[in-house]
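Protein chains: 2
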Amino acid sequence: MDRASDETDRFLPRFDAAGLVTAIVTDADSGGLLMVAHMNADAIRLTQQTGAAHFWSRSRRSLWRKGETSGNGLTLVEMRVDCDQDALLLRVRPAGPACHTGRRSCFYRRVETDGSLTFPDDDA
Amino acid sequence: MDRASDETDRFLPRFDAAGLVTAIVTDADSGGLLMVAHMNADAIRLTQQTGAAHFWSRSRRSLWRKGETSGNGLTLVEMRVDCDQDALLLRVRPAGPACHTGRRSCFYRRVETDGSLTFPDDDA
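Read top to bottom, the protein sequences are chains A and B. full-length UniProt numbering applies: residue 1 is where the first sequence begins, and numbers increase by one. full-length UniProt numbering applies: residue 1 is where the second sequence begins, and numbers increase by one.
If you're looking for bench data, these hints aren't it; they were derived computationally from the structure. Mixed in with the good hints there might be a few duds.
Here's a subset of chain B near chain A, in silico, CB distances under 8 angstroms, partners left out [as the list claims (entries may be wrong)]:
(1) ALA28
(2) GLY32
(3) SER57
(4) ARG60
(5) ARG61
(6) LEU63
(7) ARG65
(8) THR75
(9) LEU76
(10) VAL77
(11) MET79
(12) LEU117
Covered by chain B, per the in silico footprint, the following chain A stretches (three or more residues, Cβ under 8 angstroms) [as the list claims (entries may be wrong)]:
(13) 11 to 25
(14) 30 to 43
(15) 63 to 71
(16) 74 to 83
(17) 112 to 121
As the structure is a computational prediction, the values presented were derived from the model and not from experiment. Just so it is clear, CB atoms sit at the ideal spot from N, CA and C, and this is done for glycine as well.
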């Protein structure tokens, strides 16, 4: 682990070979995990400039603002970075369900030891 | 988005080209984000079988049990999977600081809009 990375007060994101970092999105009020996405340098800049969470879609290979079609945008409250600066935490206020399935969180299924998934009432 | 993936009750993790999924680790009691790591099929299986969180280290190219050197293991309370099954949530009880820096969480720095990082008292 690079000490220069984990104690510096300079934001120097460590992008992967595709130019991306992992972005973890939590509800700023409840703390609950909402979704995981990816950000490139443009997504980070736009999120900081506008206060609306932007991501990079690996499947569509394009920048997108969360909520641009669904209306369920995410307003940034705080951005954090992890020790080795390859993952970001976005603490947000969601305008609606964060998951494309209409659920509050993308993490609505529990992995059981027999390889099945169950759907707890609490969706995160 | 593949509907078969987001509504199925079968655990079919979508590994990337390197055979990995993203693993987000939160404190099962506080809900706070502790760390982000990667898991391959072996790490998932060992975590399920032993109840101790295992990950794949991309830098060392090896499987590791969190806490095997530090003593700060993570006991699994619940595993969840996201809608497209390429990210896992591990809700855990940590035996000590999750971050190699000795902090409770790896997300101890706030990203400011001027490109600086600050160190809030609350480390997650």
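Each hint, compared with the structure:
1. ALA28: Status violated, d = 12 angstroms.
2. GLY32: holds, 6 angstroms
3. SER57: violated, 11 angstroms
4. ARG60: violated, 11 angstroms
5. ARG61: Violated - the Cβ of ARG61(B) stays beyond 8 angstroms from chain A, reaching only about 15 angstroms at its closest.
6. LEU63: Because about 18 angstroms separates LEU63(B) from the closest Cβ in chain A, which is outside the 8 angstroms limit, the hint is violated.
7. ARG65: Violated - the Cβ of ARG65(B) stays beyond 8 angstroms from chain A, reaching only about 17 angstroms at its closest.
8. THR75: violated, 15 angstroms
9. LEU76: Violated: closest Cβ of chain A sits about 10 angstroms from LEU76(B), beyond 8 angstroms.
10. VAL77: violated, 11 angstroms
11. MET79: holds, 4 angstroms
12. LEU117: Since the shortest Cβ distance to chain A is 5 angstroms, the answer is holds.
13. 11 to 25: The restraint on the stretch 11 to 25 of chain A holds, since 3 of its residues have a Cβ under 8 angstroms from chain B and three suffice.
14. 30 to 43: Holds, because 6 residues of the stretch 30 to 43 of chain A bring their Cβ atoms closer than 8 angstroms to Cβ atoms of chain B.
15. 63 to 71: violated (count 0)
16. 74 to 83: holds (count 6)
17. 112 to 121: Holds, because 7 residues of the stretch 112 to 121 of chain A bring their Cβ atoms closer than 8 angstroms to Cβ atoms of chain B.
Comparing the model with each earlier hint shows violations of hints 1, 3, 4, 5, 6, 7, 8, 9, 10 and 15; every other hint is respected.
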